[in-house]
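With this note's numbering as the guide, the letters of the sequence shown map in order to residues 1 to 229.
Watch out, some of these pointers could steer you wrong.
Restricting the straight-line Cα-Cα distance to at most 20 Å, the calculated cross-link-like pairs of lysine to aspartate or glutamate (EDC-like) are [stated by the list, open to error]:
hint, residue 1, residue 2
1, LYS47, GLU75
2, LYS12, GLU28
3, LYS12, GLU44
4, LYS11, GLU56
5, LYS47, ASP90
6, LYS12, GLU56
Hints are computed from structural coordinates only; laboratory data are not their basis.
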Amino acid sequence: MAARDLQERIKKLIVDQRLPSGAPLPTEPELMRLLGVSRNSVREALKALQAVGIVEIRHGFGTYVGAMSFAPMIEGLAFRTVAGHRRGEDSLLQLLELREAVETGLVSRLAGRLPEADLAALDALVDRMDREAAEGAGLAETDRAFHATLYRGLDNVLLGEVLEAFWDAFHRVQRDLVDLPQDPRVTCRQHREILDAVRSGDSLRAERAIRDHFGNIRTRLSLVAAANR
Numbered sequence: 001m002a003a004r005d006l007q008e009r010i011k012k013l014i015v016d017q018r019l020p021s022g023a024p025l026p027t028e029p030e031l032m033r034l035l036g037v038s039r040n041s042v043r044e045a046l047k048a049l050q051a052v053g054i055v056e057i058r059h060g061f062g063t064y065v066g067a068m069s070f071a072p073m074i075e076g077l078a079f080r081t082v083a084g085h086r087r088g089e090d091s092l093l094q095l096l097e098l099r100e101a102v103e104t105g106l107v108s109r110l111a112g113r114l115p116e117a118d119l120a121a122l123d124a125l126v127d128r129m130d131r132e133a134a135e136g137a138g139l140a141e142t143d144r145a146f147h148a149t150l151y152r153g154l155d156n157v158l159l160g161e162v163l164e165a166f167w168d169a170f171h172r173v174q175r176d177l178v179d180l181p182q183d184p185r186v187t188c189r190q191h192r193e194i195l196d197a198v199r200s201g202d203s204l205r206a207e208r209a210i211r212d213h214f215g216n217i218r219t220r221l222s223l224v225a226a227a228n229r
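Generate the whole structure from the sequences, applying the supplied hints.
Right under this line is the structure:
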């Protein structure tokens, strides 16, 4: 049996048995019997599935359904972006444009629809940005929390995880590759405008605010790229 086919059969077993993350899988002998394959084949298939987060092998304890996170996707995005950048490609800019396309398409759905609790949380985050900017501290984690809080109003866990993956990959690569010049006051002002636009219920204004925010990052990236040529 081909290795890929065996991996698919183990994945099908997880789906068919409706096993949640953390649930134990059948033992190796049980998988051998169920699937009609050798121990080595089972072990190789499980190692391959562990590499993409579908299973977790706990030596001495057994094999369990993995967290099924986007960690492999983040690693892949980050590596592809770094490799492209080293080859002289605009890969970091491309990743930014991917984030922008997704967020611009979503923010109009939030205009006028966020509950007061989320609006209050966003207000607190922008206030924190103001304090951090005044103290000369970095805004990255507060920025991340703002975007995560903004889109949780869509009540879509998968979407939230995808956006987090894009954010994480972009900032990991940006931190390692380029030193983006930043005026924290501009960053604060742009996030306040996004929040005000969403609160007002004006979907076009909200889209424009998101585009302006990403446009500012894109301009800074372009300046760095030009300086390095």
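Hints, one by one, checked against the model:
no., hint, in the structure
1, LYS47 <-> GLU75, "holds, 18 Å"
2, LYS12 <-> GLU28, "holds, 16 Å"
3, LYS12 <-> GLU44, "holds, 17 Å"
4, LYS11 <-> GLU56, "holds, 13 Å"
5, LYS47 <-> ASP90, "violated, 34 Å"
6, LYS12 <-> GLU56, "holds, 16 Å"
Checked against the numbered hints given earlier, the structure breaks only hint 5 and satisfies all the rest.
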